Each structure stands twice: as structure tokens, then as C-alpha cells.
Amino acid sequence: MNDADKKRLLREMIFYRRFEDRCFEAYMERKIGGFLHLYSGQEAVATGVLEMANVGVGEKGDYVITGYRDHVHAMKAGAPPKEIMAELYGKETGSSRGRGGSMHIFDPTANFMGGYALVGQPFPLAAGLAMGCKHKKTNQIAICFLGDGANNQGTFHETMNMASVWNLPVLFVCENNGYAIGTHIDRSTAQKDQYKRVDTAYNMKSSQHDGMDIEIVMEAAKKAVDYVRKESKPYFIEFMTYRYRGHSMSDAKGYRTKEEEAEWEKRDPIKILTERLLKAGVVKQDEIKQMENEIQDEIENEIIKFAEESPEPNVADLTKYVLDDNPDPRWIGPLQK
Amino acid sequence: MSEIAYWEAIRRAHDEEMANDPLVIAMGEDIGVAGGTYKATLGLYDKYGEARVIDTPISENSYTGIGIGASMVGMRPIIEIMSINFALLALDTLVNAAAKIRYMSGGRVSCPIVMRTPGGTAHQLAAQHSARLARMFMSTSGLRVVTPRGPIDAYGMLKSAVRCNDPVIIIEHERMYNLKEEVPDEEFFRPLEGAEVVRVGEDITLIGYNFSVHLCLEAAKRLEADGISAEVVDLRVLKPIDRETIRRSVEKTHRVLIAEEDEAPVGVGAEIITGIMEDCFFALDSQPVRIHAADVPVPYNHTLEKEAIPDVDDVYQGALKALGKI
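So the protein lines, in turn, are chains A and B.
According to the working numbering, the first sequence holds residues 1 to 337 in order.
According to the working numbering, the second sequence holds residues 1 to 326 in order.
It should be emphasised that the hints constitute simulated quantities derived from the structure, not laboratory data.
Here the structure is a predicted model, which means the values were calculated and not measured.
No incorrect hints appear here.
Derived pair list, reagent style PhoX-like, types lysine-lysine, alpha-carbon separation capped at 25 Å:
hint	chain 1	residue 1	chain 2	residue 2
1	A	Lys192	A	Lys205
2	A	Lys82	A	Lys60
3	A	Lys222	A	Lys137
4	A	Lys233	A	Lys137
5	B	Lys47	A	Lys137
6	A	Lys136	B	Lys47
Here are a few chain B residues that sit away from chain A, every Cβ distance over 10 Å (derived from the structure):
hint	residue
7	Ser2
8	Ala19
9	Ser139
10	Glu181
11	Val183
12	Glu202
13	Ala225
14	Asp226
15	Ala283
16	His302
Just so you know, even glycine gets a beta-carbon here, dropped at the ideal spot from N, CA and C.
Given these sequences and hints, build the entire structure.
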């Protein structure tokens, strides 16, 4: 990785952090409704893994799918940030035309196949995306990001089994942040090392890594992505990470201590990379300041402005998108009487 | 024309659609090497191979979810679930995913899957193999639900379902797989919308779907012997309901009965009768009659099972009641 790439990745992570912070502010201003799950703290995982995959190239790229904490995965996959913000504002210009909201970002032009609110549901959907890629011999893979909490769903076990039996090209990325909503992994999960839950049980290659240092994430992800693509087999990769904010906006984090939070913040992914790049002379403090100013400007004057000024969906379109809006009469009818 | 059984019609539709489009695949328990519990995919494993006729583990929710995921990237999966009871395990992926992905993506991603399953009572299969859950799927936005009454619809509606861009639930019936009918030899399609008048009459409308259409047709014969002319309407499709065909028939006959094999509370009949009340209340000369299963888990004992499930005599007696004859 060259210096320009390192600087770009630092900028991306600062952008994602600021984007999520701005979502928080908009939520407090009641511009955003519903549930809002923010990714702050975990940026190195989505950024690092997808940096090693074939994303941002449109429909020829790899497929990405995740749960409800989905803004950053969608952006790194190539979904325009302003459309994501417009979606959070419920606008017609949003990624999902204002019908999905924060938890359901979709952008098929970036092969980002959705955020889902049912914990564990993306496992089989991801395996299905991979099955489609394999069937069509496209050399694409599917990448599924979920938290450690999802691994206690039946879909985890069912899907790990089928992905392995059928040799599906899918990379399961476990973002282990230690909490299933507000229940600590020690209290919910018999085997705390998630990567150990698939190796002998489902005969699947797996590994565990630091999820706060993006360079470690990228090195591990590259091996995993290459394995999945070359061997056409699934791989399960676990990253140890931490989410700074609550599970969602309604979460007061009463289940964990300030000391624990402070420990993890010492290993903040943006901080780790910033310090490393400053020390190596790749970036200067004033460049970072300039980056932050540019990001602030982009978020306020382009992204938020776009979301604010975009139109609401038309009420007359309430039932649009339920079924195919232009169905073929040969299959649908009417019945000839 | 050839006389073929319901299962052969389904098998023929699979075969033709798989030959027509390499993106069509079939998935389910024992559908490949074993040929399918109801023979709906017999011989197709040998013809199309294990990558397209996929024997799944007993993991209904996730293999259905895998089919849904594959459909999101252009595949056309036909997913068999061996009994509608087992479809309860797949409700998360069917109801929370397939039915909602198109809407919550603002129309940008669709899930063109077909899920086929037998949903009805057979003979002494007891409570966990006799569910009739049509009413549950018909109350889910984002699905199409169809109930072919015979080989022509079983063939033609499956072919349409494979090509349609929406998720389609096809509810078949254990007691119909061997039912035979003359079916045209050339390819045809049957639409996924529209009820059908399958017998023309003047005095009463008998409405059925799936197996209960046959109960209505048999009851109509008995009524004819009594000098009563019954019209029989096959709903064919439970979502969306064709209220116009029902209204036209009721405005002609002024009396109506709906026969369903489901339990009554919040059932298909409740929905149909509500529609009649809203559309043509003043056309009625008597109160509508609902024939339905008893509100019990289906018993194993033969006599109790017979008592729990509607038969031709129940429909016949119900019609006499609607006609004011008893």
C-alpha cells in the first residue's frame, strides 16, 4: 500500500466517523426518525475488509450485505453518502426511496444488497448471493458483515453448514464488539471465540484478528478474500472491535463501565492510523486538520443540504414497490374468461 | 391433449422452465436424488444435475433464505417445502425478507422466488402435518398466493410464477397430487390473478379454493339432483383476491357459501364474506354461509379427523341452509 492509499484510508475513516456523528445530531434534531444504529469505533473493519475486496466498481464487483448498522458498509461498497443521508431523512432521493430508513439501505448499482433488521437473516441471503455468483461463474464473491450476537441465531448454524457443503464463495465477517444489544458475550455465548464455532463444526476455514488496526484487518482480509475467490469456498473471519455508542439511540449503555470504554478508545482505529502516519511522516497534522475541514464542508454543504432539500415521497405512491409495478400480463393476467 | 396427474403437471412445468432458462433452479428436501416426496421433480436431478436440482439439508428457514439471496442476483429458484407446517420455520425469510425486500429497497431489488408447498389435510397425518396456513400468507403484503385446483393450473401457474418478478407462494394439496385432468400438450401459461367461474348456475354461488373447489363441484351435483342450480367460483388466487368475479356471481345468484379447509377464525372465508358485504350487500337474499374446519389441531383418529375437516356433505348442507331449505 502506498502513502497516498494510506492517507485516503485515514480520510475515509474520519469521514465515516463524522458522518455517523452528524446522523446522531440530526437524530437529536428529529430530522431522522425510527431506530438509528451507529458504527463509530468499528470503522477499521468495514473499511479494511472492503478495501481488499472488489467494490466501488458497480455491478461487476463483489456483493456486500449486512445488518442494521449499515451506513458505513454501504458507503465503502460505493453507495453515495448523500443518498444514504437522504434515506435517513425519509426522502424520495434516498437509497431506498425513503421506504427503508437507516436499517434498510440498498444500492444494487453498488452491489450493496441491503441492511436487515432481523439479526442473523443476512447469513442465508449472503450464501444465496454467493450461490448466484457461483452459478453464473462471474468470479464475484459475497461478503456478509454481522456482529457476534447474530451467531446465536439458527440461521448462523444452518447457513455455515450449507455454505460449506455447497462450497459457496462467501466471506462471513464477524464484527465481535462483545455485546449482543446490551448483553455481554460472557453471559450469552458458550464459546466466546467466534471463529472456533465454525472450524470443526462446519469444516470451514476461520481466523480471529484485531479489528482496531486497519493494516492488520487488511492483511487478514486479503488472505480471506483471495481464498474465497480462488477456492470458491466460504471463510469465516472474526475481528475484535468495539462500538462506542449504544446499540441504538435508545441505549443508555448501562450494561458496561466507563473504564471499559476508555480502554477501547485508547485503541481507536482512527487514532492508531493517525499516529502511525504522523510518525512515518506520511501525513502532517495540518493536513489532517485540512481533511477534517473538507469533510465537515462536504457533509454540511453537500450531503445534509441534499437531504434537507430533497422532496418527500409522493403520498399517491404509497403502494408503489409492493409488487412489480409493471407486471407482464402474460404471467399476471387478467384471466381470459 | 394428454391426461396427466397434478404431480406430473408440476414436474412438466419445472422441466420446461429449467430447459428454457439456465437461471431457474429447484431447491428442497429430497427433491434431487430421491425425486421429491410428491414426485414433483422426478428425473430432473439426472437431467439438470446437482447444481440446479439441489437437495437441501433440513434447514427450511436458511435454504429458503439462500434461494431468496440467489433470486436477488437474477436466479429464479423454485423452492419446495415438504409440508406447509415446515414453512412456519421459513417465515422469517419468506415474510420478513422475500415479501419486504422490494418495498424496503424502494423497488430497487426484487425477489423472484417461487415457494411451493402442500397445504392441507391428507389422511391421519395428525396436527403437525395437516396445517392449512393459506390465511397467514394471504395477509402478508408483498407476496402473491395462488392455489391451483388441478393439473392445468398447477402447470400453467407454476410456469407463470417462475417468470413473474414477485415472490409467489403456491399452495398445493396432498389429496390432489394424483388428481388427473386433460392438459394441452403445447406450452401455455395460466395467469397469477383472477378467480374463475368453473360451473355456471343461477340459484347460489359456492366459492372454493384449492381442494375445496372439488367439494363445491361435488355438492353442486347433489344440488342439481334437487333441482337447484349452483354456480361454483374457484378463487384460484388468494392474494390479490378477485372481488369483481365474486361480486358478479353473487349479484346473479343472491346467495353465497364459501368453503375453506382452514380453520375459520380470521380465515379466508372471513375475508371473502367481508368483501361481499362491502361490494354487494344489498344483492344478498340470505346470510352468507361459511364452511370451515373445526378450530382444533387436526386429530389423528380417523373419525375425529373426518369430523374436523369439511367434506362434500358439509358444503351441501350449508348450501341448503343458505337457500332456506333447512
